[in-house]
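Place chain B on chain A using the hints.
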Amino acid sequence: MSADLLGPSAAADAGPPVYTVSQLNSRVKGLLEEEFAQVLVEGEVTSWRTYPSGHAYFSVKDATAKVGAVMFSGRRKFLRFEPEDGMRVLLKCRVTLYERDGRFQLSVLSMEPLGEGALEVAFRQLMDRLEKEGLFSPERKRPLPTRPRRVALVTSREGAALRDMLRVLSDRAPIVEVVLVHTLVQGKGAGESIAAALHRADRGLRGIDRAADLIIVGRGGGSREDLWAFNEEVTVRAIVNCETPVLSAVGHEIDTSLSDLAADAAAPTPTAATEVVARGWRELSRDLDRMPGTLLRLTEGRIAGLEARLEAIAAERTLRRPEDALGVLAQRVDSLFERMWREARHAEAARLSRLRGILPRLAASSPGGAVRRSEVELSDMMRRLRLADESGRERKASALRTAAGRLEAVSPLAVLARGYSLAYREKDSSLLRRAEQAGVGERVRLRLSEGMLICWVEESLREGEGT
Amino acid sequence: MNAAKKSASSKKGPENFEEALERLEEIVEELEGGEAPLEGAVGLYEEGVSLFRYCREQLDSAQKRVEELAGEAEEVLSLRSFEDEDEEEEE
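Line by line, the protein sequences are chains A and B.
For what it's worth, the working numbering labels the leading residue of the first sequence as 1, then goes sequentially.
For what it's worth, the working numbering labels the leading residue of the second sequence as 1, then goes sequentially.
Here chain A stands alone, though its shape is the one from the complex:
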């Protein structure tokens, strides 16, 4: 009985052999498998369907013909893309026969898309799928911090990209702290490795209280195959799950990876990513350099405003009761002088000479107590400006010098312009406040708004004697 199944029964009259159906199918199967042990077939996929077993059943067709095909799970798992109906493919397969139905079919060993490569198809398919899920949507994007203080670099410890990034950061933004989180960037398991590294850079750093402000994930240029890990679903999902903003920097300018699409922002290269970081700091640096000027301008403006107000008050008082005002002036200036000289004696030589220059002008000060206070403050201000000037940089120093000059310009010399003058005893330059301070025949200098008069005392009158 079993012999019958193995071969046709020989008829007695040696005519054509008679097969059972099973025998025939078995025979044909053998012939087919021998003849078409491995062939390449080009065609269009139709009716692609998969089963829980992992096997896939479909047909391939061209304009006029069609043939069934099966791809078993053992082979299918090596497919990088998911075949779709209508896709043109090149199959490497053997031809076999499904004995039960007597239908011949292709048993597919491998499959390549025609027109575009397997990676492109896989890329496009995954992109479409994740896109539909909303992972690349603009609403998901968070703004990158303009000046991150701590940046986590998720890349290979050995890669050229790391060295490039470290160089840019240390040259242009040395204030930035860098944490390397090593990962494989290509080859088997790279996607999983990147995903794990991203997780550590995000939650891990947070866990040890060193949360990064920004994660840069990437690698230098390479073939499409080399960059593949950055197109894997596991990588994309890890990026999307990061709480820390992620800047993706994969390969060269022309490469766009799914990582780029999933991240909050993408830089064309790793170097460019670090330049983005450095730019924020450089802008700050520029703004910062304008600070001393701004501070000076604002402070000066404030002082000039107060000065103008005080001058106005002084002028008003002087007009109202000139003698009274002068009396008050004399008294105030008197005590001011004493204070200033006392202070000046203890000061350094430079400061002393500075004060000497200021004192004659203080003598011309307006009568109000507020004015006197402002004078003290003004000279103090100038002293501080000068100190800042000395310890500052050259550029700043010249700005400060200009400012000090301007401050002097708003000094109460203006009072002299209204016709008051200051009298000094020539021999010791002391300011004359009482007639008895200068003896008859002594030389006296009169400081006017413009220029100076040198006079001899002809007569000295006490209060009330002359007027």
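Keep in mind the hints are simulated off the structure, nothing from the lab.
Do not rely on the hints blindly, as some may be mistaken.
[Stated by the list, open to error] Derived, one-sided and incomplete: chain A residues facing chain B with beta-carbon distance under 10 Å:
1) Arg75
2) Arg157
3) Ile175
4) Val178
5) Leu184
6) Gly187
7) Ala196
8) Ala197
9) Leu205
10) Glu300
11) Gly301
[Claimed, not checked] Some residues of chain A that are not near chain B, with every Cβ distance over 10 Å (derived):
12) Gly15
13) Ser107
14) Gly439
15) Leu448
Ideal Cβ placement from N, Cα and C applies to all residues, glycine included.
What follows is chain B alone, placed relative to chain A:
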């Protein structure tokens, strides 16, 4: 000089860069408001200049801080100094 140094050091220095920057911006706003009395304005100016110097120093500090996250499991993560062995060969 002594007086200036004394007053600068007796003032509480900024805790960190961000704080200094924030304070500096506050000072500019205060001065812009024009409400500060004269002595206050001078004091703000002084403080501003010293904050500026602090920020400038921080920005320019040549110190490069590179660390590597060590450990695979989350509970044993730590940072260690990263040594770039190839740095010498670069360029």
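Hint check:
The interface hint given for A:Arg75 is broken, as the beta carbon of that residue sits about 34 Å from the closest beta carbon of chain B, more than 10 Å. The criterion of a C-beta within 10 Å of any C-beta in chain B is met by A:Arg157, whose closest approach is roughly 7 Å, and the hint holds. With 10 Å as the threshold, the beta carbon of A:Ile175 comes within range of chain B, its nearest partner Cβ sitting at about 6 Å, so the hint holds. A distance limit of 10 Å between C-beta atoms decides the matter here; for A:Val178 the minimum to chain B is near 5 Å, and the interface restraint holds.
Interface hint at A:Leu184: violated, since its Cβ lies 13 Å from the closest Cβ of chain B, which is beyond the 10 Å cut-off. Hint status for A:Gly187: violated, given a least beta-carbon distance of 18 Å to chain B, over 10 Å. This hint holds: A:Ala196 has a C-beta 8 Å from the nearest C-beta of chain B, less than the 10 Å allowed. With a least beta-carbon distance of about 8 Å to chain B, the hint placing A:Ala197 at the interface is held under the 10 Å criterion.
The beta carbon of A:Leu205 is positioned within 10 Å of a beta carbon in chain B (closest approach about 7 Å), and the interface hint is therefore held. The restraint placing A:Glu300 at the interface with chain B holds, with a minimum CB-CB distance near 9 Å, inside the 10 Å limit. Evaluation of the A:Gly301 hint against chain B yields a held restraint, the C-beta minimum of about 8 Å falling below 10 Å. Once the 10 Å rule is applied to beta carbons, A:Gly15 is consistent with being away from chain B; the minimum gap is 77 Å.
Listed as outside the interface, A:Ser107 is consistent with that label: its C-beta sits roughly 43 Å from the nearest C-beta of chain B, beyond the 10 Å cut-off. Listed as a non-interface residue, A:Gly439 keeps its Cβ farther than 10 Å from every Cβ of chain B; the least gap is roughly 39 Å. Against chain B, the non-interface label of A:Leu448 holds: every CB pair exceeds 10 Å, the least being about 29 Å.
Against the hints set out earlier in the document, violations occur for numbers 1, 5, 6.
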